[in-house]
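Q: Given next are the chains, with one letter for each unit.
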Amino acid sequence: MQNLKHIRFITENYGDMQGLRQIPLSICMAMVGVLSIASSMDLISGWGVVIGMLILIGLGYASYDWVGKRYNALYGSVQSRQSGIADPVWITAAIVVFLIEMFADLPFSPSMLIIATFFVYRWYISDGLLPHYLPLAIVLLLMVALPQVVESSERVSWFLIVLGIVHSIAGVFDHRALTRVLQRPAPDSIHEEEYA
Amino acid sequence: MTTPFEDLAGLDKLIHEPARLAIMTALSSADHAEFLFLQSLTGLTKGNLSAHLSKLEDAGFIQIDKHFEGKKPVTQVGLTDKGKLAISEHWKRLNNLRSQAAQWVADDNA
Chain A
1 MQNLKHIRFI TENYGDMQGL RQIPLSICMA MVGVLSIASS MDLISGWGVV IGMLILIGLG
61 YASYDWVGKR YNALYGSVQS RQSGIADPVW ITAAIVVFLI EMFADLPFSP SMLIIATFFV
121 YRWYISDGLL PHYLPLAIVL LLMVALPQVV ESSERVSWFL IVLGIVHSIA GVFDHRALTR
181 VLQRPAPDSI HEEEYA
Chain B
1 MTTPFEDLAG LDKLIHEPAR LAIMTALSSA DHAEFLFLQS LTGLTKGNLS AHLSKLEDAG
61 FIQIDKHFEG KKPVTQVGLT DKGKLAISEH WKRLNNLRSQ AAQWVADDNA
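Listed in order, the protein sequences are those of chains A and B. Residues 1 to 196 in this note's numbering are what the first sequence lists, from first letter to last. Residues 1 to 110 in this note's numbering are what the second sequence lists, from first letter to last.
Chain B on its own, in the form it takes in the complex (with noise of 0.2 Å):
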């Protein structure tokens, strides 16, 4: 069993950031997806999805794919395996803290 302080300084800083963390989430529960639909998703700007999927593939927790449709470009993301395993370990933090906080605001109310 961790402690609380493991689980806060076991988050991953890289996923944690709302933008990116949207980004995996999204990309977790499919196959691949269109840069265009995480840019609709987060309401990033085209240069600020750009950086946060950078710094996820100099990671290795997405690979992205490039290719053209007859004459439309196309940029496929999906997540590696490193990446599914990053973003599930992260939302069983997450769940840890949030139940411990739910505990603490139950014990400040009774």
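Chain A extracted, bound-state conformation (with noise of 0.2 Å):
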């Protein structure tokens, strides 16, 4: 039942668990929010930080699309039926907290809350197979406290730069979890003529 509940997770999944694509938009996260650091110590011209955004946001999808067909080619495609509203509504919550957050001067980071408590729902919805969602999970409950540590003014640059990093991570653990069941032989197949 639980190799069952496995193969359900994987096939509903197949799309956010392709982790090494995601890894190229999480580093583009992270290095916007270093360009914007760069900028405010004066290493960088505004344009300079413009420019070096587009190029990176073009070159994450761009990985992001190329990645995704070489799973495809490698592993087959999946038309995912539609598994619910759980993770735009996450995303959003987050979204909304986050914009309240750098205009209120709050001493915590409530979206880095939000972010957190998705990355236990998504640890515990997998059954097992994504226990490395818990440890990350933790990571982002302790930069919670980012705003006590980092000026308001770079707050933004340090979450972009957190969270590009903590996703990168969880990137690679997924694409482990799911090349590690797609490549594990189903039991006892060969035994047909015992069911035929």
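These are computed hints drawn from the structure, not numbers from a lab. Note that the structure is a prediction, hence the values are computed from the model and not measured. Here a beta-carbon is modelled for each residue, glycine too, at the ideal position from N, C-alpha and C.
Heads up, simulated EDC-like pairs for lysine to aspartate or glutamate below, C-alpha to C-alpha not over 16 Å straight-line: (1) B/Lys82 x B/Asp12; (2) A/Lys69 x B/Glu69; (3) B/Lys66 x B/Glu34; (4) B/Lys82 x B/Asp31; (5) A/Lys69 x B/Glu34; (6) B/Lys13 x B/Glu89.
Examples of chain B residues toward chain A, derived with CB under 8 Å: (7) Ala22; (8) Ser40; (9) Leu41.
Combine both chains into one complex, guided by the hints.
A: Have a look at this one:
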């Protein structure tokens, strides 16, 4: 029954578990934060930041698309059924709270708390298939105190850097979890004559 | 309420074979999946997977769509309504049997 649950989970979340696909976008997210900090330290001009961001976003999406095609070429594609509105709700909640957080000078980061809770949620629904989300959620929980240690003008940049790094690590482990299941041979499939 | 024997006898042997159960389970959570995905998921050879799919198609549980995307041949597999009903009924029976077995184990250990 556990194996059947994992088969269902992999099929339903095949797109989300293509971890290497997420990495370029996550790195771009972190790099946008780095560029922004470099700009605030006068290491790079405002135009340099804008051009750098555009190049990074372009590269990120091109890589995302290319890596997705490689996954489909290697493991095939799945037209997943809409598994619900859980993910969009989490993401929208995090963005809305983040926008509020940018204008209200809070001593902690509620948006980081939401993302950490989302990671715990992913760990829970994966039924042991994605164990890495729990330690990553703990890292994010520690980052809830980020506003205490960085200047308010650099808060957004650090938020993007931390999230980019954590998401990249999650991507590597998602890929590992996916390829472990997809390479595993089905049990006793040869003994078909018993059932035929 | 069904008896344990009725639950056992009612298990569809065509679906209960491990590879076909894996295929039907995967397809039940997607609109359709490519042949290559099912092969990666089950670890079966092409010939073996084709044989299983043919049996499921003959029973009316799945539909197979073969077409070209550019020059690449693509085989997509999806569950029919009959297949969706059959796999959900199969899980229900398996769950009944599992609950009963769990009760026996608990009683034996008591």
